[in-house]
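There are 2 protein chains.
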Amino acid sequence: MARWEPDARERFVAAALELFTDQGYDDTTVAQIAERAGLTRSTFFRHFSDKREVLAAGQETLSRLFAEGIAGAPADASPLTAVAAGLDNAAGAMTPFNRALAPRIEAVIATNSELQERAAQKQVGMAQAMSDALRARGVDDRVASTAAELGLLAFKEAFSEWIAEGADGPEGADGSTSSSSGDSDLETLLREALERLRSAVAQLG
Amino acid sequence: MARWEPDARERFVAAALELFTDQGYDDTTVAQIAERAGLTRSTFFRHFSDKREVLAAGQETLSRLFAEGIAGAPADASPLTAVAAGLDNAAGAMTPFNRALAPRIEAVIATNSELQERAAQKQVGMAQAMSDALRARGVDDRVASTAAELGLLAFKEAFSEWIAEGADGPEGADGSTSSSSGDSDLETLLREALERLRSAVAQLG
Chain A
17 MARWEPDARE RFVAAALELF TDQGYDDTTV AQIAERAGLT RSTFFRHFSD
67 KREVLAAGQE TLSRLFAEGI AGAPADASPL TAVAAGLDNA AGAMTPFNRA
117 LAPRIEAVIA TNSELQERAA QKQVGMAQAM SDALRARGVD DRVASTAAEL
167 GLLAFKEAFS EWIAEGADGP EGADGSTSSS SGDSDLETLL REALERLRSA
217 VAQLG
Chain B
17 MARWEPDARE RFVAAALELF TDQGYDDTTV AQIAERAGLT RSTFFRHFSD
67 KREVLAAGQE TLSRLFAEGI AGAPADASPL TAVAAGLDNA AGAMTPFNRA
117 LAPRIEAVIA TNSELQERAA QKQVGMAQAM SDALRARGVD DRVASTAAEL
167 GLLAFKEAFS EWIAEGADGP EGADGSTSSS SGDSDLETLL REALERLRSA
217 VAQLG
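First to last, the sequence lines map onto chains A and B.
The first sequence lines up with residues 17 to 221 when you count with my numbering.
The second sequence lines up with residues 17 to 221 when you count with my numbering.
Any given hint could be a false lead.
Claimed, not checked - Using 35 angstroms as the maximum straight-line C-alpha spacing, the simulated DSBU-like pairs for lysine-lysine come out as follows:
(1) A:Lys172 x A:Lys67
(2) A:Lys67 x B:Lys172
(3) A:Lys67 x A:Lys138
(4) A:Lys172 x B:Lys138
(5) A:Lys172 x B:Lys172
(6) B:Lys138 x A:Lys138
(7) A:Lys67 x B:Lys138
(8) A:Lys138 x B:Lys67
(9) B:Lys67 x A:Lys172
(10) B:Lys172 x A:Lys138
(11) A:Lys138 x A:Lys172
(12) A:Lys67 x B:Lys67
(13) B:Lys67 x B:Lys138
(14) B:Lys138 x B:Lys172
(15) B:Lys172 x B:Lys67
Just so you know, the hints here were simulated from the structure itself, not pulled from any lab data.
Using the sequences plus the hints, can you model the full thing?
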């Protein structure tokens, strides 16, 4: 089996997370990240505008994947079915690399209030991206906003479950694939989370 | 009729907003804010930890008011009815001063990405405060999160309508009260927004 080779972008993310964890986010420079990754500063800046982007870039990718999935849902799909297509599209792009690094990204963000604020804005942006994509399908404003918020809640819940299972399982940061029993795939967790939220909606009163 | 006298806190907010608008957020110092308000720097720091807090303090107050209103709802109130009680409680505390200054606060926040990120985190915090207050009433996690997100959507929508009507109407930053026809009170706008979202939920599919 071929060894899994991370690309430059992933090497920067892995190196940055090691340094953020070991010596703190504030004390880590782009030059150090590049050195740790075995790449140059100018290569870093071809991938990220600054060191904050190393942590936030994934959320921007998610916004795009959600929107594309929603846009690609069948024309007669209900708003929540379109949201499910957006979640599926994002889930399909998540790799063992994402899964292994997500808890470490969250741990670094938790150490710094500026990073927490930025992460919150990205969350608002993800809901907005889903809502915009729904409106582009002709969905009413309020239905779109509501479906988008449910989609974001489902994603956060399922993604947390997925990374928690990943942390417990045999799968490591080396990106080895896993097929251990009891280890759910993200698509399944997302569908389940969205169904639970659909039931919750019926209990709002 | 007695002249409306803003307290120290409101004088700082009004002075800060004038300066942020005239010369930019970054170029405004706490010393300048204090001077414009006719108060001292040490008085400023009794009210706010830094100049960012001038813009964010209202959102923290809202979180508290939402939570208190939810906690005070009748024991048999449904989750959405409890959320409505939280929204009512916040609406009851909003003054003509809040209404007059809100658009200017938003305009300043729109000029600065750091402020936008902070505002997003406060939004996440408001939903969290409502969700926590609902869980404290024994509401299931997911029902609580969903009701909280709907409450936040309703608040944002109704508050925008309210400040837009305030900007069009005869009511000014001097805090004069208004009872012009066609000018809705915030409580009514909130109830209507929540009802529209309840209908939207039925269309999620």
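### Query
Given the hinted pair A:Lys172 and A:Lys67, is their alpha-carbon gap at most 35 angstroms?
24 angstroms, holds
### Query
When you check the alpha-carbon spacing of B:Lys67 and B:Lys138, does it fall within 35 angstroms?
16 angstroms, holds
#### Entry: Hint consistency between A:Lys172 and B:Lys172 [alpha-carbon to alpha-carbon, up to 35 angstroms]
Within the cut-off at roughly 22 angstroms; holds.
#### Entry: Straight-line alpha-carbon gap A:Lys67 to B:Lys138, limit 35 angstroms
24 angstroms, holds
### Query
Are B:Lys138 and B:Lys172 close enough, with their CA atoms no more than 35 angstroms apart?
Judged against 35 angstroms, a Cα distance of about 13 angstroms means the pair holds.
### Query
Hey, A:Lys67 versus A:Lys138, does the alpha-carbon distance stay inside 35 angstroms?
Given that 35 angstroms is the threshold and the Cα spacing comes to 16 angstroms, the pair holds.
### Query
Does the alpha-carbon distance linking A:Lys172 and B:Lys138 stay inside the 35 angstroms limit?
Distance of about 18 angstroms is within 35 angstroms: holds.
### Query
Quick one, are B:Lys138 and A:Lys138 close enough, alpha carbons at most 35 angstroms?
13 angstroms, holds
### Message
Would the hint linking A:Lys67 and B:Lys67 be met if the CA-CA limit is 35 angstroms?
### Response
26 angstroms, holds
### Message
Hinted pair, alpha-carbon criterion (35 angstroms max): B:Lys67, A:Lys172. Please report holds or violated.
### Response
32 angstroms, holds
### Query
Taking 35 angstroms as the top limit, are the C-alpha atoms of A:Lys138 and B:Lys67 close enough?
Roughly 24 angstroms between the alpha carbons, so the hint for A:Lys138 and B:Lys67 holds.
### Query
CA of B:Lys172 to CA of A:Lys138, is that 35 angstroms or under?
18 angstroms, holds
When the structure is compared with the earlier hints, no violation turns up for any of them.
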